[in-house]
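Participant: With the hints as constraints, model all of the structure from the sequences given.
Listed below are the residues making up each chain.
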Amino acid sequence: MAILEVKDLVGGYGEVLILNGVSIQCFDNEIVSIIGPNGAGKSTLMKGVFGMLKIKQGSVVFDGKPITGMRASQLVKLGMSYVPQDNNVFPSLTVEENLQMGAFIRNDDITASLEKVFDLFPFIAKHRKAVSGSLSGGGRQMLALGRALMLDPKLLLLDEPSAGLAPLVRDEIFEKIIHIKQSGMAILMVEQNAKKALSMSDRGYVLVMGKNRFEDTGRALLDNPEVGRLYLGSA
Amino acid sequence: MLQLFANGIVFGSIIALGAIGLTLVYGILKFANFAHGDTMTLGAYLALLFFNLQLPLPIAVALSVILSVVIAILIDQYLYKLFRSTGPIILLISSVGVALLLRNLVLLFWGPDLTYYSRDIQISYPVLPGLRFNNTDIGTMITAAVLIVLVHLFLKKTKIGKAMRASSDNMDLAEVVGIDTQRVIIWTWTVGTALAVTGGIMLGMENGLRPTMGWELLLPLFAAAILGGIGQPYGAMVGGLVIGIAQEVSTGYISTAYKPAVAFVIMILVLLIRPQGIFGVSKRWI
Amino acid sequence: MDLSGIFSYLIFFLVITSVYGLLSLGLNIQWGYTKLFNIGIAGFFAVGAYTSAILTTPAATDRIGGFDMPFIPALLIAVLLSGFIAFLIGIPTLKLKEDYLAIATIGIAETIRLFFNNEAWVGNGVRGVSHIPRPFHQYIHFDYNVFYLLLMLFFVVCVYLAIEKALKSPWGRVLKAIGEDETVTLAMGKNVFRYKMESLVLGSMIMGLAGALYAHFIQFISPEVFVPMTGTFLVWVMLISGGSGSNKGALLGALVIWGLWSLTGLISNVVPVAYAVKVGALRVIVIAIVLEVILIVRPQGILGQKSVLQMPKNGE
Numbered sequence: 001m002a003i004l005e006v007k008d009l010v011g012g013y014g015e016v017l018i019l020n021g022v023s024i025q026c027f028d029n030e031i032v033s034i035i036g037p038n039g040a041g042k043s044t045l046m047k048g049v050f051g052m053l054k055i056k057q058g059s060v061v062f063d064g065k066p067i068t069g070m071r072a073s074q075l076v077k078l079g080m081s082y083v084p085q086d087n088n089v090f091p092s093l094t095v096e097e098n099l100q101m102g103a104f105i106r107n108d109d110i111t112a113s114l115e116k117v118f119d120l121f122p123f124i125a126k127h128r129k130a131v132s133g134s135l136s137g138g139g140r141q142m143l144a145l146g147r148a149l150m151l152d153p154k155l156l157l158l159d160e161p162s163a164g165l166a167p168l169v170r171d172e173i174f175e176k177i178i179h180i181k182q183s184g185m186a187i188l189m190v191e192q193n194a195k196k197a198l199s200m201s202d203r204g205y206v207l208v209m210g211k212n213r214f215e216d217t218g219r220a221l222l223d224n225p226e227v228g229r230l231y232l233g234s235a
Numbered sequence: 001m002l003q004l005f006a007n008g009i010v011f012g013s014i015i016a017l018g019a020i021g022l023t024l025v026y027g028i029l030k031f032a033n034f035a036h037g038d039t040m041t042l043g044a045y046l047a048l049l050f051f052n053l054q055l056p057l058p059i060a061v062a063l064s065v066i067l068s069v070v071i072a073i074l075i076d077q078y079l080y081k082l083f084r085s086t087g088p089i090i091l092l093i094s095s096v097g098v099a100l101l102l103r104n105l106v107l108l109f110w111g112p113d114l115t116y117y118s119r120d121i122q123i124s125y126p127v128l129p130g131l132r133f134n135n136t137d138i139g140t141m142i143t144a145a146v147l148i149v150l151v152h153l154f155l156k157k158t159k160i161g162k163a164m165r166a167s168s169d170n171m172d173l174a175e176v177v178g179i180d181t182q183r184v185i186i187w188t189w190t191v192g193t194a195l196a197v198t199g200g201i202m203l204g205m206e207n208g209l210r211p212t213m214g215w216e217l218l219l220p221l222f223a224a225a226i227l228g229g230i231g232q233p234y235g236a237m238v239g240g241l242v243i244g245i246a247q248e249v250s251t252g253y254i255s256t257a258y259k260p261a262v263a264f265v266i267m268i269l270v271l272l273i274r275p276q277g278i279f280g281v282s283k284r285w286i
Numbered sequence: 001m002d003l004s005g006i007f008s009y010l011i012f013f014l015v016i017t018s019v020y021g022l023l024s025l026g027l028n029i030q031w032g033y034t035k036l037f038n039i040g041i042a043g044f045f046a047v048g049a050y051t052s053a054i055l056t057t058p059a060a061t062d063r064i065g066g067f068d069m070p071f072i073p074a075l076l077i078a079v080l081l082s083g084f085i086a087f088l089i090g091i092p093t094l095k096l097k098e099d100y101l102a103i104a105t106i107g108i109a110e111t112i113r114l115f116f117n118n119e120a121w122v123g124n125g126v127r128g129v130s131h132i133p134r135p136f137h138q139y140i141h142f143d144y145n146v147f148y149l150l151l152m153l154f155f156v157v158c159v160y161l162a163i164e165k166a167l168k169s170p171w172g173r174v175l176k177a178i179g180e181d182e183t184v185t186l187a188m189g190k191n192v193f194r195y196k197m198e199s200l201v202l203g204s205m206i207m208g209l210a211g212a213l214y215a216h217f218i219q220f221i222s223p224e225v226f227v228p229m230t231g232t233f234l235v236w237v238m239l240i241s242g243g244s245g246s247n248k249g250a251l252l253g254a255l256v257i258w259g260l261w262s263l264t265g266l267i268s269n270v271v272p273v274a275y276a277v278k279v280g281a282l283r284v285i286v287i288a289i290v291l292e293v294i295l296i297v298r299p300q301g302i303l304g305q306k307s308v309l310q311m312p313k314n315g316e
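Protein chains in written order, with this note's numbering: chain C, 1 to 235; chain R, 1 to 286; chain S, 1 to 316.
Incorrect hints may appear among the rest.
[To be verified] When the alpha-carbon atoms are kept at most 35 Å apart in a straight line, the in silico DSBU-like pairs for lysine-lysine are as follows:
1. S/K248 with C/K54
2. R/K30 with C/K181
3. C/K7 with C/K211
4. C/K116 with C/K126
5. C/K176 with R/K159
6. R/K81 with C/K154
7. R/K156 with C/K77
8. R/K157 with C/K7
9. C/K126 with C/K196
10. R/K157 with C/K116
11. C/K154 with C/K56
12. C/K176 with C/K126
13. C/K154 with R/K157
14. C/K56 with R/K30
15. R/K81 with C/K54
16. R/K81 with S/K165
17. R/K159 with C/K7
18. R/K81 with S/K97
19. S/K248 with R/K30
20. R/K159 with C/K129
21. R/K81 with S/K278
22. R/K157 with C/K77
23. R/K30 with R/K157
24. C/K129 with R/K30
25. C/K56 with S/K248
26. S/K176 with R/K81
27. R/K156 with C/K56
28. R/K157 with S/K97
29. R/K81 with C/K65
30. C/K176 with R/K157
31. R/K157 with S/K176
32. C/K116 with R/K156
33. R/K157 with C/K56
34. C/K126 with R/K81
[What the hints assert, rightly or not] Quick partial rundown of chain R residues pointing at chain C, CB under 7 Å, derived from the structure:
35. G161
36. K162
37. R165
38. D169
39. N170
40. V176
Simulated from the structure, these hints should not be mistaken for lab results.
The beta carbon of each residue, even a glycine, is placed where N, CA and C say it ideally should be.
Facilitator: See the structure below:
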């Protein structure tokens with residue numbers, strides 16, 4: 001059974017509809033990438049799943065429960081974690097405090113989760129007392145990822161995790177994402193860097209103008225000449 | 001001069017207490033609460049009420065803090081909340097209305113004349129050559145210092161305190177992360193109002209009570225908050241002391257009547273030279 | 001109260017309504033169109049009032065005077081001086097965000113009030129300037145107050161027509177654009193600062209005019225002429241209830257709110273003097289409640305358009 005099931009989602013901002021009937025699925029222990037040209041609705045889809053969009057039609061089901069339009073604070077309690085594209089850490093809080101905030105809704109002892117995040121990201125372990133605003137772009141991105149993991153979520157939503165990062169740092173982030181998936185998590189990822197995203201994804205969807213265009217395994221999409229010609233050009 | 005400086009620390013502490021609440025509300029709720037000064041007035045007069053009922057001072061203070069916090073939360077939940085999605089200007093206008101309401105309610109029930117908590121004359125005694133304090137001065141400085149330390153511990157060590165700092169950084173992200181922003185808002189009003197009320201009571205002890213006492217402090221409060229960096233509680237603490245000292249020291253050179261003008265000039269200078277204030281982050285200033 | 005008493009009261013009422021009408025029109029240019037949050041109305045009013053008063057009164061001990069100017073030049077200077085003060089204030093403050101501008105203008109109004117309060121050599125301190133002459137007194141052989149009302153209405157109509165024309169012109173459209181979205185207007189290549197300054201100065205000159213006309217009617221002016229904040233607050237409630245962005249709304253609001261204020265004032269006439277201050281407090285409470293109700297129920301005011309107070313959140 002899919003951990004996330006989005007069916008014919010229609011929605012947008014005010015009168016402008018960005019999503020015109022998108023359907024995707026995400027299963028446990030897999031990375032699903034959403035790629036497509038600018039304005040296709042990739043980030044909007046993510047916002048629609050995470051309750052930050054006005055849904056006109058369609059449904060979102062998470063872990064068997066219908067969650068269409070539910071607010072972010074409720075979804076976090078159900079086990080969904082979202083990492084926005086930017087402004088995704090609290091700059092005046094320390095690294096450790098950011099992680100603590102990630103676990104806000106938990107009332108149990110979070111030391112084990114903290115240790116797991118520090119193991120996964122030795123960089124932020126080293127800087128645990130640093131003020132987050134002083135970290136580099138890569139450091140902040142790792143912190144944002146770590147923060148999302150503090151909830152031991154069932155589904156991780158990543159909005160352009162490599163945006164604005166230098167190539168070396170990008171690769172490191174992608175490595176960590178693969179590592180996270182290997183622990184059994186379901187990851188839904190929107191990425192501009194389509195080639196790289198597809199090469200590490202189990203499955204992928206190509207969105208165009210708010211609609212599904214292609215759906216296949218990551219490998220297959222990479223090898224698909226039409227996809228390659230249209231969308232994998234410079235990535 | 002030393003005396004003026006010391007007076008500045010006393011009044012600066014009072015301004016700091018008010019400015020912390022103002023800056024917290026601005027940072028988290030994104031609006032300039034023009035009713036904050038009059039909240040101090042309300043607190044001071046409620047304490048007067050309880051004090052005149054022969055309740056011991058600590059009880060009177062505690063009761064007026066609790067009652068003021070409840071009133072502030074009710075005003076937020078039933079008035080300001082309606083405007084949260086509309087914009088900061090309507091909130092500002094609304095808070096001006098609330099300011100006038102509070103001030104005139106005080107005027108209505110207590111009249112315009114100067115009153116005091118107690119008729120006892122305070123004896124000031126020399127501490128250093130050229131420096132005298134009375135009991136109220138010392139009490140004010142100690143209370144302010146204790147409260148500031150408590151606020152610091154609250155913001156740094158408690159979960160909700162950290163959540164408040166996080167919400168001040170980025171309210172939307174706080175929602176995404178799962179922080180109970182509703183609780184954060186309630187706590188913001190609680191802490192801010194409690195500090196303001198305590199400051200108001202101490203102001204009443206120092207200078208007596210008048211219905212305009214808090215409103216007259218609004219300009220220095222904003223100057224302190226802006227100087228320290230709007231949204232930065234530690235900045236407000238420092239800003240409060242600086243403004244207090246500047247105002248008191250200025251009386252050595254210009255007429256006492258121009259004290260609020262001193263705060264105003266400092267504020268304008270900050271806005272022209274370094275608008276994000278001492279501790280402010282540049283990007284917040286948009 | 002007999003008929004002539006009611007008539008006198010009505011004339012007085014309408015003259016003051018006209019004064020507030022001018023203030024509301026001035027605020028409408030600044031706030032209604034350009035979204036400049038000016039809480040310093042009292043300051044410009046005071047500058048206009050004091051200037052005209054000082055220029056037209058005969059010499060007096062312990063303050064400057066003796067200019068003995070006729071009404072019209074004095075009025076002109078008062079208006080220009082208000083505009084000039086606005087210009088000086090605008091230089092540091094117009095770049096600020098609305099809420100910072102609000103606090104800055106309070107500071108300015110306070111400083112102006114303190115100035116007149118303290119610097120007795122200018123305006124006689126708290127004792128104020130009295131015996132301000134009534135313009136054209138020697139030519140009027142009927143009820144002078146009626147003449148003054150006609151004079152006021154003349155000014156109100158002239159200012160109204162002039163502003164209507166100005167605000168409907170391309171200049172006015174830029175002001176409105178700035179009020180709705182400053183960044184976009186800047187991107188269009190408009191010198192936003194210059195337009196804001198023009199809006200501030202023009203509005204303040206009208207406020208100065210109101211002050212001067214008030215001074216010549218009441219014949220006495222002091223720093224407490226605008227009880228700190230009450231007068232300013234009334235003008236704001238007038239504009240908001242009448243409809244920000246609408247000149248007709250500004251005038252309507254002046255009439256309605258001043259009417260309400262005067263109505264509550266009648267109550268204080270029948271109450272023993274000892275309660276005067278408390279009733280005064282009650283009157284302000286009434287107006288404050290009216291403001292909150294309007295903000296909740298109909299924030300655009302009677303004649304305003306819906307979008308005026310709705311500010312879209314960034315990025316949405």
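Participant: Give a verdict on every hint.
Facilitator: So, going through the hints one by one against the coordinates:
1. S/K248 with C/K54: Violated. S/K248 to C/K54 sits at ~38 Å, over the 35 Å cutoff.
2. R/K30 with C/K181: Between R/K30 and C/K181 the Cα gap is close to 39 Å, so the pair fails against 35 Å, i.e. violated.
3. C/K7 with C/K211: OK: C/K7 and C/K211 at ~11 Å, within 35 Å.
4. C/K116 with C/K126: 14 Å, holds
5. C/K176 with R/K159: 28 Å, holds
6. R/K81 with C/K154: Distance ~34 Å between R/K81 and C/K154 Cα, so the pair holds.
7. R/K156 with C/K77: Given pair R/K156, C/K77 holds - Cα atoms ~25 Å apart, limit 35 Å.
8. R/K157 with C/K7: 44 Å, violated
9. C/K126 with C/K196: At roughly 28 Å apart (the allowed maximum being 35 Å), C/K196 and C/K126 satisfy the hint.
10. R/K157 with C/K116: 22 Å, holds
11. C/K154 with C/K56: 26 Å, holds
12. C/K176 with C/K126: 17 Å, holds
13. C/K154 with R/K157: 29 Å, holds
14. C/K56 with R/K30: 30 Å, holds
15. R/K81 with C/K54: 21 Å, holds
16. R/K81 with S/K165: Distance ~39 Å between R/K81 and S/K165 Cα, so the pair is violated.
17. R/K159 with C/K7: 38 Å, violated
18. R/K81 with S/K97: 22 Å, holds
19. S/K248 with R/K30: 33 Å, holds
20. R/K159 with C/K129: 16 Å, holds
21. R/K81 with S/K278: Roughly 31 Å between the alpha carbons, so the hint for R/K81 and S/K278 holds.
22. R/K157 with C/K77: Holds - the C-alpha atoms of C/K77 and R/K157 are around 24 Å apart, at most 35 Å.
23. R/K30 with R/K157: The hint holds at about 24 Å.
24. C/K129 with R/K30: 28 Å, holds
25. C/K56 with S/K248: 41 Å, violated
26. S/K176 with R/K81: Holds, at roughly 28 Å.
27. R/K156 with C/K56: Cα-Cα ~42 Å, so violated.
28. R/K157 with S/K97: 34 Å, holds
29. R/K81 with C/K65: OK: R/K81 and C/K65 at ~31 Å, within 35 Å.
30. C/K176 with R/K157: 31 Å, holds
31. R/K157 with S/K176: The given pair, whose Cα atoms are some 48 Å apart, is violated under the 35 Å limit.
32. C/K116 with R/K156: 24 Å, holds
33. R/K157 with C/K56: Between R/K157 and C/K56 the Cα gap is close to 43 Å, so the pair fails against 35 Å, i.e. violated.
34. C/K126 with R/K81: 42 Å, violated
35. G161: 10 Å, violated
36. K162: Because about 5 Å separates R/K162 from the closest Cβ in chain C, which is inside the 7 Å limit, the hint holds.
37. R165: 6 Å, holds
38. D169: This hint holds: R/D169 lies near chain C, its Cβ roughly 4 Å from the closest one there, short of 7 Å.
39. N170: 6 Å, holds
40. V176: 5 Å, holds
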